[in-house]
Amino acid sequence: MAVKDLSKVQEQELQFGKGRSPFQDAVREFRRNKIAVAGLIFVLIVVIMAIFAPVFTPYDYAQQNLSQSRARPMTGYNITTDYAEKYCHWYNTPLEWGCTIFFFGSDPLGRDLWSRVVYGARVSLSVALIASTVSIIIGTVYGTISGYVGGKVDDIMMRIVDFLYAIPLLPIIILMTVYFKALARQGVTTGFMGTLIVLNKATGGLLFVFIAIGALNWIGMARLARGQVLSYKQKEFVEAARALGGTHTHIIFKHLIPNVLGPLLIAESMAIPGYIFLEAALSFIGLGVDPPTPSWGAMINEGYAGFRSKPWLVLLPGSALALLTLAFNFMGDGLRDAFDTRLRGRK
Amino acid sequence: MLKYIIRRTLVAIPVIFLMVLVTFVLVQAMPGGPFDNVGTKAMPEQMRLLLERRYGLDKPLYEQFFQYTWNLLRGDFGPMLRQPGRTVNDIIADTFPVSIQLGMMSVLLGFVLGIPLGIIAALFHNTVIDYTATFLAVIGVSVPSLVLGPVLIYTFGVKYQILPIAFWGAKPPFFLGIFPPLTKDFFLHAIMPVFTLGTGMAAGIARLTRAGLLEVLSSDYIRTARAKGLRERTVIVVHALKNSLIPVATILGPLLAGAVTGSFITEQIFAINGMGRRFVNSISEREYFLQTSLVLLYGILLVFGNLLVDIIYAWLDPRIRYD
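Protein chains in written order, with the working numbering: chain A, 1 to 347; chain B, 1001 to 1323.
Everything labelled a hint here was simulated from the structure, so no lab data went into it. C-beta: ideal position from N, C-alpha, C; glycine also. Careful, some of the hints might be misleading.
[Claimed, not checked] Simulated restraints, written as ranges between beta carbons of each label pair: (1) R1082/B <-> G187/A: 24 to 30 angstroms; (2) T1087/B <-> L261/A: 36 to 42 angstroms; (3) D1076/B <-> K254/A: 33 to 39 angstroms; (4) G191/A <-> P1044/B: 28 to 34 angstroms; (5) D1317/B <-> L244/A: 21 to 27 angstroms; (6) G191/A <-> R1054/B: 33 to 39 angstroms; (7) Y1004/B <-> P73/A: 43 to 49 angstroms; (8) G1033/B <-> L199/A: 25 to 31 angstroms; (9) M1043/B <-> D155/A: 23 to 29 angstroms; (10) Y1160/B <-> N259/A: 18 to 24 angstroms; (11) N259/A <-> R1082/B: 38 to 44 angstroms.
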C-alpha cells in the first residue's frame, strides 16, 4: 500500500510541474469526482426549476381547488376548460395535458402538490444562498476585526463568542422567533421592528428564518476567520505589504480577506445542508414561513395529520428535501476534497 | 484535572445566569399573557388581575426574576400557569428522563454503528468496501430526521406493522428517576425514534473516524510500528485507534447538543412526551416559568456535555493538560 501511495504522489508532482494554477488543479480534481459533479448538476437543475417555477408547474402554489382535495399522485383533475384557462400556466401550450393531472397528488386544500414542491425549492435554495451569505459576511467581518486588531478587542470579542457557544442558542432563537411572530400578529408597523415585520411579510415569513439561521451560524465562521487571519497576519507577504506602507484597509481587503475567504467558502458549502434542514425543521414546528408559502418542512407538517392514509403528502416533499441535501453534501465534499490542498494526493 | 472541572463549573454559573435572565425577559416581553383566555372566551379583567397577583406576575420584572432565581436555588422551578395544581418540577420529572433516554440511546447507536463503519472504511481504503461505507455515510448525514422518521413509520409501522408508530414505551416514575424499565415494549417503542435521531450521528462519526484513522495510519510512528514487525492487528488496535478517535471527540459536543435539538423534531414526529416536544408545544402558550426552566436545563446539559468532551480529550490525548 505504501509503495502505491508513493508512486501516486510522484505522479502528481510531475503533473504539478506542468504549470497549472492551483485553482485549475482544484477544478480538475473536482471534475474527476463523478459523484460531486452529479450533485452539482442536480443542484443546478433544482435552481433552474426554482427560478422558472411557473414554467415547470401547471398551477400556482396557493391555488386551491376544494373539490379536488387529497388526490392520489398521477390521477386526473376533473376540471372545466374555464378553470384551466383561468388558472393553468400550461393552458394553450404543448403541455396542456398536464393541466389535468396531479403529478404528486393534491393536498387537503386541493392545491397541486407538484407545484408546491417546485415552488418550495425556492424557499430552500434562498435559505441556502442568503443564510450562508449572511453568516459568511458577519463571520468574516467579526473574525477579521478580532484577529487583526488583537489585544483587548480580540479578548472581548472572543469572550462574546465563547459565551454564545456555551449556551443553547436554538431554544433561545426559537423563543425570539416566537416573539417576532407575536409582534407581527399584533400588526406592529412602526419603528425598526415594524420595518422588519413588513419585510418579513413581503418575503412570506422568510426574513425571520434568515435572521434565525444567520444568528445561529455566524459564530463558527467568525472563529474560523479569526484563526485564518491570525495565521496569515504573521506571513511574509503581509509584512512586506506593511513595510511598503500599505494601510490597514489595504492589507485587510487586498491581502487577508482573499486568503481567508477560501476556507470559509468551503466550510460554508459543507454547512448548507444544515441550513436547509434547519429551515425545514423550523417550518415543521410552525416557526418558519407563513402559509401559504410552500416550504418542504411546512408541507411535511401539513401532511402529517393524514400520514397513514395519504403518505405521499409527507413522503414526496420529504424526498425532495432529502435529495437536495444529499446533492449539496456530495457537492460540498467534492469541493472540500478538491480545494483543500492538505488532503490532495491522499484520496 | 479536578481543579479544572471545578473552575469550569464556576465559570459556567454566570454564563447560565445571564442566559436565564435573557430568556426570562424575552418570554415576559412577548405580547399576550398566560391568562388571556378561558377556553375560547376572553378572560374577565378582574379575574386576570387576581390570577396574576396569585402567581406574582403583577410585581415589577426584576422582583419576579429575583423571586424566580431564589426559588431555583431551592430547587423550585416555579408553577405551571395554565395547569393549576401542577408545577414545572412535575413536568420536568416527567419529560426530562424520557429525553435523556432517547438522547443517550441515539448517541450510543451513533458510536456503536459509526466507529466500526469508519474503521472498516479506513482499513479497506480505496476499495469497494470503502466507497460503499463512505456513500452510506453521506446518505446517513443527508437524510434529515424530518424525512427519516416518516419513512421509517411508513415502512415499519404502516406497511409491515411490526413496530409501534408513536409514544415512548415507558412512563414515569423511573428507576432512580432516570433509568427505563428494560421491557420488550420499551425497546420496541424506542427502535424507530432512536434510529431517526441516531443515524445522522452514526454517519457523522463514521466519516470522522475514517478521516482520523487515515491520517494516523500515514504518520511516522505507525510506519515505525510496522517496521518493528508488529502484527497489523496490534498496529491498528494498540497504536492507531485511540489517536484516530481524537477528531471524533471534537464533535461529541455538537453531537450532544444535536441530541438535544434533534429531539425537538424526533419527539414531535413520534409524539414522545419529552422535553423537546414540551418546549415546542409551549411555544404558543405563555408558560413563563416552564419556558425559562427548559432553556436553563438545556444550558446545564450543554455545559456538562462540553465538560465531558474536555475530559475525554485529555484521556485520548495525554499531551493536553488543563491547569
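Do G191/A and P1044/B keep their Cβ atoms within the hinted range of 28 to 34 angstroms? holds, 32 angstroms
Is the hinted range of 33 to 39 angstroms satisfied by the C-beta distance from G191/A to R1054/B? holds, 34 angstroms
For G1033/B and L199/A, compare the CB-CB distance with the range 25 to 31 angstroms and indicate the outcome. holds, 28 angstroms
Does the Cβ-Cβ separation between M1043/B and D155/A fall within 23 to 29 angstroms? Violated: the Cβ-Cβ distance is about 51 angstroms, outside 23 to 29 angstroms.
So the hint says 43 to 49 angstroms: do the beta-carbon atoms of Y1004/B and P73/A match that? At 59 angstroms between Cβs, range violated.
For the hint 33 to 39 angstroms, verify it against the beta carbon of D1076/B and that of K254/A. Once the Cβ atoms are compared, 59 angstroms apart, the range 33 to 39 angstroms for K254/A and D1076/B is violated.
38 to 44 angstroms as the expected CB spacing between R1082/B and N259/A, which holds or is violated: With a Cβ separation near 55 angstroms, N259/A and R1082/B fall outside 38 to 44 angstroms, so the hint is violated.
With respect to the beta-carbon atoms only, verify the hint that Y1160/B and N259/A lie 18 to 24 angstroms apart. Since Y1160/B and N259/A have Cβ atoms about 55 angstroms apart, the given range 18 to 24 angstroms is violated.
Given the hint of 24 to 30 angstroms, check if R1082/B and G187/A actually sit that far apart at their C-beta atoms. 25 angstroms Cβ-Cβ, so the 24 to 30 angstroms window holds.
Could you say whether the range 21 to 27 angstroms given as a hint is met by the Cβ separation of D1317/B and L244/A? Roughly 42 angstroms apart at Cβ, these two residues miss the hinted range, so it is violated.
36 to 42 angstroms was suggested as the range; check whether the CB atoms of T1087/B and L261/A agree with it. Taking Cβ atoms as reference, T1087/B and L261/A lie about 52 angstroms apart, which means the hint is violated.
Taken one by one, the earlier hints fail for this structure at numbers 2, 3, 5, 7, 9, 10 and 11, listed in ascending order.
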